[in-house]
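In case you want the letters, here they are:
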Amino acid sequence: MLAKIWDQHVVARVSEDTDLIHIDRHLLHDLGGSRGLLDLKSRGLSVHNPELTFATPDHAISTAPGRSGTSRIGQELLAALRAETAASGIRMFDVDQPGQGIVHVIGPELGLSLPGCTIVCGDSHTCTHGGLGALAFGIGSSELTHVLATQTLIQRRPKTMRVRFEGRLPPGVTAKDMILALIGQVGAAGGTGYAVEYAGSAIRDLAVEGRLTICNLSIELGAKVGMVAPDETTFEFLRGRTYAPKGAMWEQAVEAWRELASDADATFDREVEIDVEKIIPQVTWGISPEHVIGVDGRIPDPGAIEDPARRAAVETALDYMGLQGGAPIAGTPIDWVFIGSCTNSRLSDLRAAADVARGRRVAPNVRAWVVPGSENVKRQAVAEGLDRIFTEAGFEWREPGCSMCLAANGEVVAPGQRSVSTSNRNFVGRQGPRARTHLASPASAAASAIAGAIADVRTMGR
Amino acid sequence: MPKPFNKVTAVAAPIMRGNIDTDVIIRIERLVGNSVRGTLGKWAFGSLRYLADGAENPDFILNREPYRQAEILVTGPNFGCGSSREGAVWSLQELGIRAIIGSGFGDIFFSNCFQNGILPVVVDKEIVDSLAAEIEATQGAGRISIDLEAQTIVSPSGTQHAFEIDPRRREGLLQGLDEVEMTLQRDGDIRAFQTADRSARPWIHFARTSA
Ligand code: SF4
Numbered sequence: 472m473l474a475k476i477w478d479q480h481v482v483a484r485v486s487e488d489t490d491l492i493h494i495d496r497h498l499l500h501d502l503g504g505s506r507g508l509l510d511l512k513s514r515g516l517s518v519h520n521p522e523l524t525f526a527t528p529d530h531a532i533s534t535a536p537g538r539s540g541t542s543r544i545g546q547e548l549l550a551a552l553r554a555e556t557a558a559s560g561i562r563m564f565d566v567d568q569p570g571q572g573i574v575h576v577i578g579p580e581l582g583l584s585l586p587g588c589t590i591v592c593g594d595s596h597t598c599t600h601g602g603l604g605a606l607a608f609g610i611g612s613s614e615l616t617h618v619l620a621t622q623t624l625i626q627r628r629p630k631t632m633r634v635r636f637e638g639r640l641p642p643g644v645t646a647k648d649m650i651l652a653l654i655g656q657v658g659a660a661g662g663t664g665y666a667v668e669y670a671g672s673a674i675r676d677l678a679v680e681g682r683l684t685i686c687n688l689s690i691e692l693g694a695k696v697g698m699v700a701p702d703e704t705t706f707e708f709l710r711g712r713t714y715a716p717k718g719a720m721w722e723q724a725v726e727a728w729r730e731l732a733s734d735a736d737a738t739f740d741r742e743v744e745i746d747v748e749k750i751i752p753q754v755t756w757g758i759s760p761e762h763v764i765g766v767d768g769r770i771p772d773p774g775a776i777e778d779p780a781r782r783a784a785v786e787t788a789l790d791y792m793g794l795q796g797g798a799p800i801a802g803t804p805i806d807w808v809f810i811g812s813c814t815n816s817r818l819s820d821l822r823a824a825a826d827v828a829r830g831r832r833v834a835p836n837v838r839a840w841v842v843p844g845s846e847n848v849k850r851q852a853v854a855e856g857l858d859r860i861f862t863e864a865g866f867e868w869r870e871p872g873c874s875m876c877l878a879a880n881g882e883v884v885a886p887g888q889r890s891v892s893t894s895n896r897n898f899v900g901r902q903g904p905r906a907r908t909h910l911a912s913p914a915s916a917a918a919s920a921i922a923g924a925i926a927d928v929r930t931m932g933r
Numbered sequence: 011m012p013k014p015f016n017k018v019t020a021v022a023a024p025i026m027r028g029n030i031d032t033d034v035i036i037r038i039e040r041l042v043g044n045s046v047r048g049t050l051g052k053w054a055f056g057s058l059r060y061l062a063d064g065a066e067n068p069d070f071i072l073n074r075e076p077y078r079q080a081e082i083l084v085t086g087p088n089f090g091c092g093s094s095r096e097g098a099v100w101s102l103q104e105l106g107i108r109a110i111i112g113s114g115f116g117d118i119f120f121s122n123c124f125q126n127g128i129l130p131v132v133v134d135k136e137i138v139d140s141l142a143a144e145i146e147a148t149q150g151a152g153r154i155s156i157d158l159e160a161q162t163i164v165s166p167s168g169t170q171h172a173f174e175i176d177p178r179r180r181e182g183l184l185q186g187l188d189e190v191e192m193t194l195q196r197d198g199d200i201r202a203f204q205t206a207d208r209s210a211r212p213w214i215h216f217a218r219t220s221a
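Protein chains in written order, with the numbering used here: chain S, 472 to 933; chain Y, 11 to 221.
No lab work stands behind these hints: they were computed from the structure.
Honestly, I wouldn't trust all of these hints.
A few chain Y positions that, by computed beta-carbon distances, are all more than 10 Å from chain S [said to hold, decoys possible]:
#, residue
1, K52
2, R59
3, R78
4, D134
5, V164
Heads up, simulated DSSO-like pairs for lysine-lysine below, C-alpha to C-alpha not over 30 Å straight-line [stated by the list, open to error]:
#, chain 1, residue 1, chain 2, residue 2
6, Y, K135, S, K630
7, S, K475, S, K630
8, Y, K135, Y, K13
9, Y, K52, Y, K17
10, S, K630, S, K749
11, Y, K135, Y, K17
12, S, K512, Y, K52
13, S, K717, S, K475
14, S, K512, Y, K13
Here are some, though not all, of the chain S residues that point toward chain Y, as calculated from beta-carbon distances under 10 Å [to be verified]:
#, residue
15, V485
16, L509
17, A879
All values derive from a computational prediction rather than experimental measurement.
The beta carbon of each residue, even a glycine, is placed where N, CA and C say it ideally should be.
All chains, please: the whole structure from these sequences, using the hints.
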């Protein structure tokens, strides 16, 4: 599948394993978008294909009601993004407009992200779009300028890895748990240098939203690219979306997309198989997504680890997290719950969390936020009454954006406080200086908000 | 445009913890804004370099002599994983780092290094560990030499290790080439590709609205 998509995009061969490839979609956000456009301008260049470039503010804007908390620099970045995209003829989905949201939520939602297309964005979680069968990856600032100037990138063809998730998902176990379990098994560098294709019956059974969640965490596996072969589920998801092809062109596109799946005899540089029936809801205990266990498990005990380097790593993580090795993870008291981010802020995620929250109350010691991934998700959720379920349960309902996933706009977990988060990174300081993050699914996060402690959603009786 | 890179002989600091992510290298709030370059060296490894009250953490290696002078980092596995922020590379550059040796790097960080004239060198973990051990044995006094042209590292005790590097990347660093300019020379190819692709995959291409 990688080879098929790759070959369709080669503009010129650069060396034996490196090509100049065409970029079909370039997404800009407020944190780096105007910087790239200004950089281009300062070199006396213009945007090669503004009509293939799209922008939205998400990282630095406040998600407070009315966007009241946006910092001065955040406002400057927003103003610069508006001015520079307008000057270049780039479509920008602005705040309060349908289409605004986290870049990796809006791409699929608007039908900008399509099977077999190349998508880049100055953000490592661009791998998310692979859930639709796109070849999508994150780039740095220099490469971003390169794409603006040329609509291409010089890339080395990655190695390939296939992960087959087989079996039926047990109750309470979600796409998020599948991918966290995989990262726990192969490690945070297990996918480095690979484009990962997720396959198997459990992937085929997943809706597109779950596939996006799985692909989203590819980068936490070390892989720049994650992808799922497009199928009928994918086509149904895309049909009728704003930027998806229509009419005869739709038929033509679907026909081409059907050819993208890996051939039966395709070979991969690495293969992994996971039995999903053995997966239980996952929660991280440390400072890397690979520091993950089942919610019914115990925190690793450094005393029981022989390898000195591993023992030291676990000790560092436990020290930062303020946890006791050997203790059960469930029941650890928490201060914050964050339901949001490009991992888990789509409608199905909010529905899963609302199912748990309905008719219950957030524990008094916990502050819980729900941040929808896009303006459209927000509107649909409101139409379904999900916002009411959340607010009646004591959650705060916010405006769409990245928010507390990366804490770039003062939306932070206080030092030393503990958060259960549906985002993708439990790195040191990710949710604020000295904040302690436990990654989990939306259902697990909602259950933990109600329990006031890390909780096993399977014991909540629904 | 990156400065050409050829050789460096310098103090090297081992930072051997695995999975050091780019959030740890530079915190996001230091990167919010369009004029942050030039201000970042001070904040590189901020959460490790400074204590909660803002004072320097005396236990962190880059706060000790001679490691303050380090121009080379010797790193644990998966250094630079996580966020694509190129500011991580800028902050190391502003700190004076010119090359990074490790057994593996985050893919995006790795590319970002080349874009800024920093050489990331991948060698086997055993070699990384032995370099770190030698540096520590000399308490940092022993220098490391990296010769990109010859593709060799020389350890403080004089042991020579060869390393592999993508020839294109090597050439780019040696000459300080600008990729954007090089690609724009192929604009004819790009336009020809787009014309052909417009008939092959019309759904990819939109009409241009006037700016
Ligand atoms: S939600 Fe988080 S991970 Fe996703 S794009 Fe925003 S900051 Fe990055």
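Here is what the structure says about each hint:
1. K52: Holds, since 16 Å exceeds 10 Å.
2. R59: 12 Å, holds
3. R78: 22 Å, holds
4. D134: Consistent with the label, Y:D134 stays out of reach of chain S, its closest Cβ about 15 Å off (over 10 Å).
5. V164: At roughly 26 Å from the nearest Cβ of chain S, Y:V164 sits farther out than 10 Å, so the non-interface label holds.
6. Y:K135 to S:K630: 20 Å, holds
7. S:K475 to S:K630: 14 Å, holds
8. Y:K135 to Y:K13: With a Cα-Cα distance of about 29 Å, the restraint between Y:K135 and Y:K13 holds, given a limit of 30 Å.
9. Y:K52 to Y:K17: 25 Å, holds
10. S:K630 to S:K749: 28 Å, holds
11. Y:K135 to Y:K17: Holds: Y:K135 and Y:K17 sit about 22 Å apart, inside 30 Å.
12. S:K512 to Y:K52: Measuring from Cα to Cα gives roughly 28 Å; hence the hint holds.
13. S:K717 to S:K475: 24 Å, holds
14. S:K512 to Y:K13: Satisfied, since the Cα-Cα distance of roughly 21 Å is no more than 30 Å.
15. V485: This hint holds: S:V485 lies near chain Y, its Cβ roughly 6 Å from the closest one there, short of 10 Å.
16. L509: 6 Å, holds
17. A879: 5 Å, holds
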